[in-house]
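Build the complex: two chains, separate frames, hints provided.
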Amino acid sequence: MTRTTERPGPPTVFHERRTYRRRRVMDAARVAPLLALILWMIPLIWPQSGDGTVSSAKALIYVFVVWAGIILLTWGLSYLLAGEVDELSDSDT
Amino acid sequence: MSTLNLLVAVCVAYVLFLFFVAFAADRLAAQGRKAWLRSPLIYTLSLSIYCTAWTFYGAVGSAARNGFEYLTIYLGPTIVMVSWWWLLRKLIRIGRTQKITSIADLISSRYGKSSLLAAGVTILAVIGTTPYIALQLQSVTLSFSVFAAQSDGLAAQDQAIVAFWLSMGLALFTVLFGTRNLDAKERHDGVVMAIAVEAVVKLVALLSVGIFVVWGVSGGLTEALNRIDASEFGHWHTDRSRWAGLIFLSAAAFLCLPRTFQVLVVENDDENHLRTASWAFPLYLCLISLFVVPIAVAGLDIMPEGSNPDLFVLTVPLALGQNGLAMLSFLGGFSSATSMVIVAAIALSTMVSNHIVMPIWLHLRPSGASVSGDVRAAVLMARRISIVGVVMLGYLYFRLSSGGEALASIGLVAFCGLAQVLPAMLGGMFWRGATRLGAFAGLTAGFAIWLYTLYLPSFGVGTILPMSIVENGLFGLAWLRPDALFGITGMEQLMHALLWSMLFNVVAFVAVSLVTFPSPLERLQAAQFVNIFEHSTNARSWSGGTAQTEDLMVMAQRILGAGEAQVLFLRHARRQGARGNLPAPTPDFLEALERELGSSVGAATAHAMVGQITGGMAISVEDLMAVADETAQMLEYSARLKEQSEELSRTALELRNANQKLTRLSVQKDAFLSQISHELRTPMTSIRAFSEILRDTDQMTPDEQSRYASIIHDEAQRLTRLLDDLLDLSVVENGQVNLNLRDGTLRDALDRAVSSAAIGEDGFQLEIKRDFGKENIVLHTDLDRLSQVFINLIANARKYCDAKAPRLAIRVMQEADRVVIDFQDNGSGIAPDAVDMIFEKFARVSDQKAGGAGLGLAICRQVMTRLGGSVDYVPASRGANFRVVLPYRTALAAQ
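Protein chains in written order, with my numbering: chain S, 2 to 94; chain C, 258 to 1152.
SDA-like, lysine to any residue: derived pairs with alpha carbons at most 20 Å apart: (1) LYS356/C to ASP527/C; (2) LYS59/S to CYS543/C; (3) LYS59/S to ASP496/C; (4) LYS347/C to ALA83/S; (5) LYS347/C to VAL26/S; (6) LYS370/C to MET686/C; (7) LYS347/C to LEU81/S.
Coverage of chain S stretches by chain C, computed from C-beta distances (three or more under 8 Å per stretch; other residues unrestricted): (8) 28-42; (9) 64-71.
None of these hints come from the bench; they were simulated from the model. Glycine included, every Cβ here is placed at the ideal spot set by N, Cα and C.
Excised from the complex, chain C in its bound form (with noise of 0.2 Å):
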């Protein structure tokens, strides 16, 4: 059986077995066993990925080329790993919190769940990783044909066999295990376990062949490390800008290319396992790095000149005939390959599926996604298709470029296009200020230099980009060379492209993001992300380590008062057995704290107070609106009290008013009665009298004898006048009085009153202005009760308007549906505390100028109510102003 015979049965023995481990872990998760398939081992095993076929063999070869360049692929992810605490932990929660499936969803899901950014992002992942599987087919066929060498060589169409079936063995795993079900959070537990198999594995096999070397072949380490002074790379020598600017490439890579944020954050179980990962992968990454530089230093003496040194981790061994050891060596190079090919795979293929094909899926389906089941389905046929097509399109590109010194370069090249995306990404996670417009802009201008410096160059000058243009620029621009952009000349071509498409990468973010405005759903995002601690921790009991219990009582001495706050506070540090007079802030004492707080304040008011001081959570949504809420009945039963203030205060008043009215009243009602009786009894005597003279004097003329009868009969008449005034008040109030309806004009109305009030001039005259053109309306009313209401107002005014030469002015308006008519004369009018008296019955203006009993106005008003019209006493600039009313259907215009 020849060594190539054994080799393949090798490999697919460990194949099998990777097949098993993985079955296994997914049998042993399927039944809820996972404690020990996540552990903090498993997680930092599974971060080993990052160092694939490339790094297994080509960091030996990187040395024997370089030195001590090698290191800083290591010494990035390192200084990552140690940042743990402000950075990895924060993504971490991000991507747990927010159920990140990739780097393109977290890119997305940051700006506004953007599809063109996530479709971007996928683009470049698949660009940037595409040479990367080929490079990783390429160590298997190379380190096969290692071992075909010792027999009878290996054909080239045999290595493209070799490539092809291990990039189908390599598919169907990868479906099997990555596509089993649709987890949300994208966990794979039997990919996780066999990749952690084959750290293991890797890093063995290196150690071996280190541990050989060093002490087998150099005998002993002080040995080693003078055969390493001896050697040819004798003295500290790199390319400073290298050393420096591949630390940051290694270090931006391992946080974005899509294989190490798979097992880095999405495959990630428990924070608490990066805990651990911080130091054990560094220590990982160490002891993988440890041995490089003595198996380089052994292989450039052992090995003839001219010997692909990316090979000396298996040369070496099968030179000194460690077959055995040759073969663990290459079955660690083996598990680098298919570790990568398998996370990348499944990596790019969500990616590809979610932000790819499925927003063209479900654009291209008229009905959309509207059966759950039929979505599931195509979801996990279109994994299953990318998975195929990544790893057919890697298989694809080892055939084009027919392996070769092209293809060893593409490992940093794939870094440099993969880093774009770091500052989007890092932007987005501590900058709250940073857009999705921002995030295109940058990561466009970063591709597309990447693009034009490095990748296309990569291919090797001449075969995609034209001579010309890297001779004499793009557009024949000197200054837009590829590898001299902006006429610098003289820097190495990684560095160059590097510096250039992260210079303009993040100036175009941070600028675009400056001027553009995010939309709603970026900013909340934003805030979700930025602040994701304040966000991700559920309301939990109080702790009360942090608790400051000074503090609370000093709280609660000002809510409750300080004896009963610190009787409250002795009691429970009794309680608790505490030695001062304070107690610990233990959750029961805060509980019971609250509640105390809660009688005085409510308790959510009470529950915030208490979480500031103790700072064990911040005040959640919830606590606010229960303040919120406690807040507006408070303020809704203020309102309601004040409204019924408010309302008493009015009723008060309207008592008081009427109070008054009615001791005005009352007033007047005795100064009424002393009147009436005085009124009555004035005519009553005299006519008592004068029949007494009558009956008693027996010698009168007859001329006095009809004196005095006339002066009783006058008496009599006052006397009857006045009777019947009152008669005619309560008969007018009753409602008993009955309307004699008839048509006549205002105009005679008012001459008949104007008349009548004209009798019994004394002395004085009144001067009455009418206008007696609009006058001239027919109306259909009582006219004799009007005319004595029109009466009384003029005897009114006769009576008390106090001008020197008296005039009454009577004013007719006719409006649309009603008659006014005015009086007003030029005294000095009524006073304003007498007005709402003077159409009360027995009301009089003055005692002096009494004439009347009082009744006038009150019998007006009651007689204008009868005809459905109104008398009203109206303030006017000077003079006293009765305003009669008469509605309109008592009158007719005059024709």
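Just chain S, with the same shape it has in the complex (with noise of 0.2 Å):
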């Protein structure tokens, strides 16, 4: 038999990248309410008097649009997250 001299590669490989990717979700739903704040604190920066003012219409859609990108963010996040979640609540039941 071949098999016995085979590397003990991929699913060792396959597991790890498994919990690196994981661990990476976990790092984007850290970071995911610092992207939120700064967005949504980029309209401090408009000007507020003369040439450039940004219309109310524009402001609207773009805090709008924001928190839709946060929502739909979140939401991938939160799908990602379900396995972590559920290990870690069914503790309590």
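Okay, here's the thing in structure tokens:
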């Protein structure tokens, strides 16, 4: 049998990569609120008078587009982190 | 039927509907059918308790007055919800594992279950929430008056009546559904269900009005946006500090408001719901705020100048003749107000009864809480009274403030007050060094500054704070003016108060925490809170996901040996049908591996080692204890082994010594036998020889005969003496000797011994040194035997002392219960290896000086034993020193 001499590679690497990915998803979940905060702080640097003021409609669209983006992002992250929460929360039941 | 009457009828019907919903939900919960009652959707909707009538009506008003500022109130909570992974999850886990019942309970629990902190937070919450409840009552009465204005108007006293019956109805609802049970986790299924229904009503109402305004009035989305650009707020314009400050404030309030904390943490049934709420609640907030600006713009367009923009949501549909829509809008506002009052009353009453009423009640009762049922009833009663009290407090506040502009701004004022809890709360969750005194200092500083710079001025200048203080500062100090602390002017009042209160709060909290030392309970709770995820996971079976088979292989090789480990892993890989020679780390395999390792290093150690590598679980206390047990057992075993081996080596040493002694004795015995046979043969030979001469010689002179006969006689005497000694020893040894006890002095015995020993002195003189004064001791003993011992010792000294001028010192010492007589010569003494032999029979120190049979000292020792004393060889600085000890009973001091 040649199988016995095979390098023990693929399964472990697969596991490691999955663990690595999951860690990065957690990192993303941690920085997501920071992203939201920064994006919503951007109106602070918009000029308030003179030329180049942002029209109300555009400002409104900006705020709500960011909002929608953040909701989608959070939805995606919460979907990816489903396993994590399940694993942790069933200890209480 | 007038519009007002219809409104009242709709209100009553709606309230009855809510009662039914809550009742049905409680019934379902009681039957255990909680599945859909406790779904992520219900949880998300219940979070909308954050959006009160103040936001329902006020957002449009705020947009009409201040432009986009209203958005901040929704952006803050959105950011908090997006922070679910690192913030809310932890908060909820803490709340669930620590059985937290309110925000005051959380703070108190974290800081060593401090009742003072709990009471402080409760008071802060009551002060901050009461005006808020008044605000809800005001919004309902205002909306009533809008409808009433269409018919015959609403008098002031009628407004008061509406507010009164509304608050009574809300109190009744809250008492009915909020205090049904004393569930440990304080969950209220009926209330939560009703809140969720009201959340839907709110959203649908606002969306309907918005859609009507955008598509029905403005004529489409693009048109609506154009109208916004064309309206008076045309361009983006906000106060920058307020934009940032209000986002922070609303985020803080979302975490700290008693009612949001109640639904977010206390009523949470499953951490998984948070995962859905993390995006669904921001969506709810987004939808709620979506049409606010279009409604405001439409209101400003349609409504006459000077009309209250806070009521545009209601007045715009009414003005356009949409009575049904207006009714729906009214119900939305009504829902916002009622749900807020209900949940705030539940949260506050829990806090008031748990942290203020019950401690006082238990303190006042002399016997304490001895009967459990008693306390239960008391808690329920306290909670009911608290609910009615809180709602009535809100009503009173409403009546006293008589509505008006002052009340409208109270929302943000309350936010700012409750945000003072935030540093202590977040600090407690993420910083183990936060202490009770630190939290207390921070809360006090923040609360005091908030009270002075924002809350008291909010009643209007001159009502509570005198005009003089506002103009000249406290105590006439200009830098203590409530609107310009430290002389920094020009800041807007709310931001001014927020900045200083939070700054002093955080600085005091951190500084005092750094310098104080927490109590043991605080430190325990700190560890529990900060490391909640390590503490709250239960021991579970191995979850293979993260286990690293290669690492396991390395470890197994170290413990089992390379060959065995590879065989084991290969066998399991085959069994799993894996392609490589490493099996997947399934629970089965891990258990088998653990067993295998356990046979080498012990079960607990193996479990801990596998656990460390798989990372599936932290080592539990039980594991550590098991490891410690095994280690202790091994230590005990090895200690026992060590003890046994020490004992064995001790025994072996003794045996070796005994063997040496026996060997030496045997040598001595052989020497003695040859000696005694020589001693016996010598006289026997001369006796035989001279007796033959006497027999065979005929011519012999009488002189010769006499000489030969005396030789024979002497030799026979020598033989007799030798035999006497032997006999004497055996007699003394067998205890057959008769002691001839009589009185006499030690001096006499010594005199006799010295003179006897001097007989036969041939040539050299032994100088004997004595102290006669001390020898006057009367003895009652066998003096002859004692003298025999002395003679022996003196004779030995003479025989063996090898000094040029031999000297023997005889010293007598009288002690309490014995007399000690030392015989010390100035010779070279006895060799150390011979010391233990000299009292043995037939022992002689050296063969050359053999003058006797080697029985002397053996006889001495036997005699002294018979006399109740002892004779020993005592090592001395020089020379041989024999010590004779006589017991006191045989020694009497001389007169």
